[in-house]
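Chains as they are written, first to last, in this note's numbering: chain A, 1 to 276; chain B, 1 to 221.
Rather than coming from a laboratory, the hints here were simulated on the basis of the structure.
Backbone N, C-alpha and C define an ideal beta-carbon position, used for all residues, glycine too.
Certain hints may be false.
As the list claims (entries may be wrong) - Footprint (simulated), chain A over chain B, 3 or more residues, beta carbon under 8 Å:
(1) 2-12
(2) 70-81
Said to hold, decoys possible - Each pair of labels, with its calculated beta carbon distance range:
(3) A:211 x B:213: 48 to 54 Å
(4) A:248 x B:210: 42 to 48 Å
(5) A:58 x B:210: 30 to 36 Å
(6) A:216 x B:7: 26 to 32 Å
(7) B:86 x A:266: 26 to 32 Å
(8) A:211 x B:186: 31 to 37 Å
(9) A:266 x B:37: 55 to 61 Å
Claimed, not checked - Capping the alpha-carbon separation at 20 Å, the derived lysine to aspartate or glutamate pairs in EDC-like fashion look like this:
(10) B:212 x A:257
(11) A:205 x A:234
(12) B:212 x B:142
(13) A:205 x A:215
(14) A:265 x B:142
(15) B:9 x B:61
(16) B:11 x B:48
(17) B:212 x A:268
(18) B:11 x A:257
(19) B:103 x B:41
(20) B:9 x A:269
(21) B:26 x B:54
(22) A:160 x A:142
(23) B:9 x A:142
(24) B:26 x B:41
(25) B:115 x B:61
(26) B:115 x B:179
(27) A:265 x B:54
(28) A:265 x B:179
(29) B:11 x A:268
(30) B:103 x B:29
(31) B:212 x A:264
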Amino acid sequence: MLKLPSTVPGAGAGNSMEASHRGIRVQDLNAWYGRLQALRSINMMMEPKLVTAMIGPSGCGKSTLIRCINRLHEVVPGARVTGSVLLDGVDIYAPGTDPVELRRSVGMVFQRPNPFPTMSIFDNVAAGLKLNSRMPRAKLSDVVERSLRQAALWDEVKDKLNQPGTALSGGQQQRLCIARALAVEPAVLLMDEPCSALDPVATMKIEELVRELREKYTIVIVTHNMQQAARVSDFTGFMLMAADRAGELVEFGRTGEIFTNPRDKRTEDYITGRFG
Amino acid sequence: MARTELDLKLKGLMDDVLLMGSLVEKAVEKSVDALKRRDLELSRKVVEEDNIIDRMRQEIEEKSIQVIATQEPVARDLRFIVAVLNIIVDLERMADHAEGNAKISLMMGDQPPLKPLIDIPRMAAKANEMLKNSLNALVARDVGAARKVCADDDEIDALYDQVYRELLTFMLKDPTTIDRATHLLWVAHNLERVGDRATNIAERVVFLVTGKMTECGISKY
């Protein structure tokens, strides 16, 4: 689990450490790439052990938003953030927070599967563990098996753990990346369009997996596929780019409600395909 | 971004529902007209034509399922299709009530009329007015107009009360009229049901527009 300072400067008086504040709370979050504002005043709560989907047209800031949750945004030169993101009540932007440590708690899966090309299937999954700790080989094997099982890949790869990860199919590679993210036992799993490079069967497998992983992890998934958002998520956030190109959260609510009776006309226009 | 194909299909569904609605309206009108004028030929026609309405319901349902399967409608589009799927059931049942009246008329055959029919044609006219208004509210997506349809149901209930009391008086006075009076009572009951189904359609309009399921008025019967 994430080890962060227990007192959180600037996180708002008295509300940062209560048990009810588990999950991810985004408070007045703004993000910039140089002078271009990419996110404006985002406020939302991603509930623990539930799936939150972020939808919206290209450029609306959904990827930027989730990259702010594991502090990957600031890696881009000129990028900066104001506001706060509380993970289980702890501000991840508080001074003294180690971004590397944070990213162990907040795993991420990207659009295109990106297994380490020179590593075997086993080593791909073990990579994070080897980086962070000296674990005996036997223990390591246990974690790799557990992670591959969780990612619903074990049965397909158990006899070829020493083959390169890149030898797998696209869908398998993506599940390998999920296994790699799970190996370090994160609290949160961020998924940035995890199925956009996959065929429908592989997509269905990932969606099934998301439903299963929900029991253990807080999952945030960015997707262009609205039916996917409808199928896998419990909550949905809809984002749009304002006139100055900054991304704003237009509507956030239960997925069932968003897809049957959205409150905001812009959400309705987007999800019914009458946008722009 | 437009959704020409989906919009075209939704418009097609709306047109079909309106066409079906107008056939139902005619069936209700003809069934009471035939009864009033003792036109058995017309009654038979109403019974026959009910098949057309039944078929229409099936066709609209099939088209709706096609749209759901191929166009993945959500939000207001999905609510519209769900509304249509419910409305066509109510329309079909209204037509069945008209058919029922036609069958009663045939059953009565050449019995002498119990009395000149006044309130029953009024009930039919009111029921048809509610039907027409509910479908107009659907086209206009007008919640106010839909709620008005529900309120109008009280009028039809009041007429039904009146018919019931009158027929009861006949039966009490002269038990030989019981058979004929009961037939007319069934007719009145069918028309009262047509009114109730118009309020169902109105409730679907409220759902379509607001996304909230409501019973907009509880019928006395």
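Verification of the hints:
1. Check result for the stretch 2-12 of chain B against chain A: holds, 3 residues qualifying (beta carbon to beta carbon below 8 Å, three or more required).
2. For the stretch 70-81 of chain B, the stated coverage by chain A is satisfied: 8 residues place a CB nearer than 8 Å to a CB of that chain, which reaches the threshold of 3.
3. Roughly 28 Å separates the CB atoms of residue 211 (chain A) and residue 213 (chain B), a value that falls outside the hinted 48 to 54 Å.
4. Taken as a hint, the range 42 to 48 Å is violated for the pair residue 248 (chain A) and residue 210 (chain B), whose Cβ atoms sit roughly 26 Å apart.
5. Our hint of 30 to 36 Å for residue 58 (chain A) and residue 210 (chain B) holds, since their Cβ atoms are close to 32 Å apart.
6. For the hinted restraint 26 to 32 Å between residue 216 (chain A) and residue 7 (chain B), the CB-CB distance of approximately 43 Å leaves it violated.
7. Checked against the hint of 26 to 32 Å, the pair residue 86 (chain B) and residue 266 (chain A) passes, with Cβ atoms roughly 28 Å apart.
8. Separated by about 54 Å at the C-beta atoms, residue 211 (chain A) and residue 186 (chain B) break the suggested range of 31 to 37 Å.
9. Checked against the hint of 55 to 61 Å, the C-beta distance between residue 266 (chain A) and residue 37 (chain B) comes to roughly 57 Å, which is consistent with it.
10. Between residue 212 (chain B) and residue 257 (chain A), the direct Cα distance comes to roughly 11 Å. Compliance with the 20 Å bound is thereby established for this hinted pair.
11. A threshold of 20 Å between alpha carbons decides the hint, and for residue 205 (chain A) with residue 234 (chain A) the separation of about 18 Å falls inside it, so the pair holds.
12. At most 20 Å may separate the alpha-carbon atoms for a hinted pair to count; residue 212 (chain B) and residue 142 (chain B) meet this at roughly 14 Å.
13. Straight-line distance between C-alpha atoms of residue 205 (chain A) and residue 215 (chain A) comes to about 17 Å, which keeps the hinted pair within the 20 Å bound.
14. For the proposed pair residue 265 (chain A) and residue 142 (chain B), the alpha carbon gap of about 17 Å is at most 20 Å, so the pair holds.
15. A distance of roughly 13 Å separates the Cα atoms of residue 9 (chain B) and residue 61 (chain B); the hinted pair therefore holds under the 20 Å criterion.
16. Of the supplied pair hints, the one linking residue 11 (chain B) and residue 48 (chain B) is violated, its CA atoms being roughly 29 Å apart against a limit of 20 Å.
17. At roughly 16 Å between alpha-carbon atoms, residue 212 (chain B) and residue 268 (chain A) fall within 20 Å of each other, so this suggested pair holds.
18. Between residue 11 (chain B) and residue 257 (chain A) the CA atoms are separated by roughly 25 Å; this puts the pair beyond 20 Å, and the hint is violated.
19. With a C-alpha separation of about 11 Å, the suggested pairing of residue 103 (chain B) with residue 41 (chain B) holds against the 20 Å cut-off.
20. For the hint linking residue 9 (chain B) to residue 269 (chain A), the alpha-carbon distance of about 18 Å falls within 20 Å, and the restraint holds.
21. With a C-alpha separation of about 15 Å, the suggested pair residue 26 (chain B) and residue 54 (chain B) falls inside the 20 Å cut-off, and the hint holds.
22. Under the criterion of a C-alpha separation no larger than 20 Å, the hint pairing residue 160 (chain A) with residue 142 (chain A) is consistent with the structure, at around 16 Å.
23. The straight-line distance between the Cα atoms of residue 9 (chain B) and residue 142 (chain A) is roughly 55 Å, outside the 20 Å bound, and the hint therefore fails.
24. Simply put, residue 26 (chain B) and residue 41 (chain B) have alpha-carbon atoms about 15 Å apart, close enough for the 20 Å limit, and the pair holds.
25. Taking the CA atoms of residue 115 (chain B) and residue 61 (chain B), the gap is about 42 Å. The hint is violated against a cut of 20 Å.
26. Using a Cα cut-off of 20 Å, the hinted pair residue 115 (chain B) and residue 179 (chain B) holds, with the two alpha carbons roughly 13 Å apart.
27. Straight-line distance between C-alpha atoms of residue 265 (chain A) and residue 54 (chain B) comes to about 37 Å, which puts the hinted pair past the 20 Å bound.
28. Using a Cα cut-off of 20 Å, the hinted pair residue 265 (chain A) and residue 179 (chain B) is violated, with the two alpha carbons roughly 59 Å apart.
29. Taking the CA atoms of residue 11 (chain B) and residue 268 (chain A), the gap is about 19 Å. The hint holds against a cut of 20 Å.
30. The hinted pair formed by residue 103 (chain B) and residue 29 (chain B) meets the criterion: a straight-line CA distance of about 14 Å does not exceed 20 Å.
31. Distance hint between residue 212 (chain B) and residue 264 (chain A) is fulfilled; the C-alpha atoms sit about 15 Å from each other, no more than 20 Å.
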